[in-house]
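This is what each chain is made of:
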Amino acid sequence: MLTIFFAVAAIFIQAAFLPNFFVPGNIPNLLLLLAVFYTVRFGFEKVWVKLILAGLVLDLATFSWTGLNALALIAAAFSSSFLNRRFLVIHAKWKFIILVILMAAGTLAGEIVLFGVPFLAHQIPDNSSGFELAVILSMLSRKIIFNLVMFVAAYWPLMRLEKFIKAFNRQTL
Amino acid sequence: MLKNYFARKILKMFLISVFCLALIFLGARNFFNPVRKIFSSLAYPFQKTFYLAGRKISDGFSFFSSISGLHAENNRLVRENYGLKGQVALLENEKKENEKLRSELGLIPRAEFNLEASFVIGQDPQKQGDWLLIDKGSAGGIRENMPVIVSNGIIVGRISEVSLNSARVELLSYAKSSLNANDLETGAKGIIRGEFGLGIIMDMISQKDTINTGDTVVTSGLGSNMPKGLLVGRVQDVQPTADKLFQQAVIAPEVQYSKLDVIFIIKN
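As they're listed, the protein sequences go chains A and B.
Heads up: the first sequence at position 170 corresponds to 170 in this note's numbering, and the numbers run straight through without jumps.
Heads up: the second sequence at position 187 corresponds to 187 in this note's numbering, and the numbers run straight through without jumps.
Treat the hints with caution; some may be incorrect.
[Unchecked claim] Taking lysine to any residue pairs in the SDA-like style, the calculated list, with each CA pair at most 20 Å apart, reads:
no., chain 1, residue 1, chain 2, residue 2
1, B, Lys48, A, Val57
2, B, Lys100, B, Ala89
3, A, Lys46, B, Phe19
4, B, Lys259, A, Phe21
5, B, Lys228, B, Asp135
6, A, Lys46, A, Glu162
7, B, Lys12, A, Ala121
8, A, Lys46, B, Phe14
9, A, Lys50, B, Ser17
10, A, Lys46, B, Ile10
11, B, Lys12, A, Phe42
12, B, Lys176, A, Tyr38
Think of the hints as simulated: they come from the structure by calculation, not from any bench.
All chains should be built: construct the whole structure from the sequences, respecting the hints.
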């Protein structure tokens, strides 16, 4: 129950709170970060249904095409889980650094979906003079940087929150 | 074993992707609009609360960071005030002349706009600032395609989606927006469109037309629901298009869209 409450709060923070503090285009994707974080901790199998639901709610809240954010969250979770299992084994000593790498990979996968699907559907006109490879790369790299900064700022509060949820669940059980 | 695990996982990912793409396909055809309208009505108080809380905190930070400059700012404002008093007297005369000219050109006098004031309660968090969310919807008489301006007649976009208590404003910087406009000084005509959130350009200007840096661009009134004479911005740069058939001008908007608090919807 508490997890649902925090998930809904995260959706509204992403959709309505964060745009006040960042220039459009540089707003960190909080939900994407949470998706990667919880996938790394609990595994893809345990989180994918929740991610689809959260993505659908975010789509409704941000006027995106229904399913777009759900697909982006799933892509981010899957790529980070894939990397985590295949190449990176979480060591306590390197945990934070590895999480940062996974966040970058997850952000890249998620943002490619968020940008690529509308482009393929011709939602972004390809004759736009603003649409150039350099612009796309700069946007993607800015997104990764802002997401990583957000992750670094939110890492310790997130760990505390997780402990709190665990303690709360134990008490209610 | 590990191979099987990944094969199953990839298959699952494929099926989830197909499911999401099917939703996107339906969503792009407005299949979920009724659900979105219900959701918007339910989410409205939360969205408004979170946005206004964020705005207040953001304003608070700006206030503290600007304290050091308050004295200099005050002096500048006092000087500016003296200058403005003189300008007001001059503008009174120009106002009368403007009203006369507007009536001769068949423009709607500004006072005749039926304006509905509305607060901004949300912004596009993911793309490049394509839209704003406002706190007036169908209950307040807002309909799709109504023009949206800021107080002094500067066009910022149009209503693209309406729910009971909120509506989405598609900004001029949205890549798919288009608006007929002309150069106030030279009369050159063109189409205003967004540049993937990076700015605004005036496109399809004939090579025969003259357009200069610093010129004022206003709406031409062609196209449904868009009054003539609303200010779009000023010409920043003019260049020929890649195929050399037309000219293209970069337009500097008069307002910063991400800083808007209050906007007005033209209802008539």
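We went through each hint and held it up to the structure:
1. Between Lys48 (chain B) and Val57 (chain A) the alpha-carbon distance is near 16 Å, which keeps this suggested pair within the 20 Å criterion.
2. Of the supplied pair hints, the one linking Lys100 (chain B) and Ala89 (chain B) holds, its CA atoms being roughly 18 Å apart against a limit of 20 Å.
3. Between Lys46 (chain A) and Phe19 (chain B) the CA atoms are separated by roughly 18 Å; this keeps the pair inside 20 Å, and the hint holds.
4. Among the hinted pairs, Lys259 (chain B) with Phe21 (chain A) is consistent with the structure: their alpha-carbon atoms are about 11 Å apart, no more than 20 Å.
5. Of the supplied pair hints, the one linking Lys228 (chain B) and Asp135 (chain B) is violated, its CA atoms being roughly 26 Å apart against a limit of 20 Å.
6. At roughly 16 Å between alpha-carbon atoms, Lys46 (chain A) and Glu162 (chain A) fall within 20 Å of each other, so this suggested pair holds.
7. For the hint linking Lys12 (chain B) to Ala121 (chain A), the alpha-carbon distance of about 24 Å lies beyond 20 Å, and the restraint is violated.
8. Between the alpha carbons of Lys46 (chain A) and Phe14 (chain B) the distance comes to roughly 17 Å, so the proposed pair stays at or under 20 Å and holds.
9. With a C-alpha separation of about 15 Å, the suggested pairing of Lys50 (chain A) with Ser17 (chain B) holds against the 20 Å cut-off.
10. Taken as a hint, the Lys46 (chain A) and Ile10 (chain B) pair is honoured in the structure, with Cα atoms around 15 Å apart against an allowance of 20 Å.
11. This hinted pair checks out: Lys12 (chain B) and Phe42 (chain A) have alpha carbons roughly 17 Å apart, not beyond 20 Å.
12. The hinted pair formed by Lys176 (chain B) and Tyr38 (chain A) fails the criterion: a straight-line CA distance of about 36 Å is larger than 20 Å.
Going through the hint list in order, the structure does not satisfy hints 5, 7 and 12.
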